[in-house]
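Asker: Sequential numbering from 13 applies to the sequence shown in my numbering.
If you are wondering where the hints come from, they were derived from the structure by calculation, not from laboratory data. Quick caveat, the model's predicted, so the values are computed rather than measured. From the three backbone atoms N, C-alpha and C, an ideal C-beta is built for every residue, glycine too. Hints are not guaranteed to be accurate.
Stated by the list, open to error - Estimated spans, in silico, between C-beta atoms of each pair:
no., residue 1, residue 2, range
1, W231, P130, 16 to 24 angstroms
2, H210, S74, 22 to 30 angstroms
3, R196, P15, 24 to 32 angstroms
4, G41, A14, 21 to 29 angstroms
5, R193, P29, 42 to 50 angstroms
6, E213, S131, 27 to 35 angstroms
7, R53, S74, 15 to 23 angstroms
8, R187, P130, 20 to 28 angstroms
9, Q43, A20, 21 to 29 angstroms
10, T184, P28, 45 to 53 angstroms
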Amino acid sequence: MAPARLQARPTPELIPPPEVRGVVPLNLGAQRDGLLYVPLRHPLGGPRPLLVACHGAGSEASHSVRPFMDAAEERGLLLLACDSRAATWDMIHGGYGPDVTFIDRALQQVFSRYAIDPSRLALDGFSDGASYALSLGLANGDLFTHLLGFSPGFLNPAAQVGRPQIFISHGTSDRVLPIDRCSRVIVSQLQQAGYDPHYVEFEGGHTVPPQVKQQALNWWLGAAPEGNS
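Build out the structure end to end from the sequences listed, making use of the hints.
Answerer: Printed below as a string of structure tokens:
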């Protein structure tokens, strides 16, 4: 089995709404772990969308969950974020391995406890996390239906499996990962590989403006919040 392949799969059968809500530690790692966010107010009827988030270099899971908590409450999303085993993701250090294993364990845990909609399962990331999300996601396009890359640096997929839909955004004044060397190259690579990425450039630096985040969520889920659906 290819080292970038994830084995966990959702079981969307109806499961009673979870009793434990809010920020839930995964308790899968002693030093670096991960978090699941379960909305406090949304009724969570039926299988729910899941956003799996990859943080930037030197960051942690909580930084990936916090920007999407309001959207989770409005739309009934579940948010899963794992800490990379080291300061950044394994692929960026040279090869897929321990982070793939940990993400797979985290997904297995979530899928065993919550009803997840397999048609709305997204992998997203920022900066190094965006490079990782796009690369890992392309190798697992039979699991992730959507990939969201905010200011990615490069692509390094171990394989191309399935046909995930792809959203990429990048600031035109980014000095950390310059747009000419990064997203503009990545978009061209994806187009040459047969994908049709939804690409957004904005005036700004190495960040995710609120309007771009909202645009990405609308692209993934549709423009209107689900309310109590």
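Asker: Among all the numbered hints in the text so far, which are the ones the structure does not match?
Answerer: Per hint list: single violation, 8.
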